[in-house]
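Asks: Turn these sequences into a full structure, and let the hints steer you where they fit.
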Amino acid sequence: MKLRHIISSLDLKREDYFSIFEYADKFANVKGKLTHLEGKVLALAFFEPSTRTAQSFQTAGIK
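Number 45 marks the last residue of the sequence shown (the numbering used here); no jumps.
Please note that the accuracy of each hint is not assured.
With beta-carbon atoms standing in for the labels, derived distance ranges [claimed, not checked]:
(1) Asp(-2) with Ser32: 27 to 33 Å
(2) Pro31 with Asp7: 32 to 38 Å
(3) Ala42 with Glu4: 20 to 26 Å
(4) Ala10 with Phe39: 15 to 21 Å
(5) Leu(-8) with Gly21: 31 to 37 Å
(6) Lys15 with Phe39: 15 to 21 Å
(7) Gly21 with Ser(-10): 30 to 36 Å
(8) Lys8 with Ala42: 15 to 21 Å
(9) Ile(-12) with Phe28: 17 to 23 Å
(10) Asp(-7) with Lys15: 29 to 35 Å
(11) Thr35 with Lys(-5): 28 to 34 Å
Worth flagging that the hints you see were computed from the coordinates, not collected in a lab.
Here a beta-carbon is modelled for each residue, glycine too, at the ideal position from N, C-alpha and C.
Replies: The structure is reproduced here in structure tokens:
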């Protein structure tokens, strides 16, 4: 899948969905710690009013 901005799910083709799921399967089968984002900065822009949901996104980003 070519990298591009995705604004809506309508921007994706059927093949794009299959590509995303195949890539996700690779991550699901990895044992141990992933190092893909080591040395990177994660920015979290959260616009929902739920503090609990924001905290869960923040925790996932740290992991």
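Asks: Please name the hints from earlier in the document that this structure breaks, with their numbers sorted from lowest to highest.
Replies: Every hint satisfied by this model.
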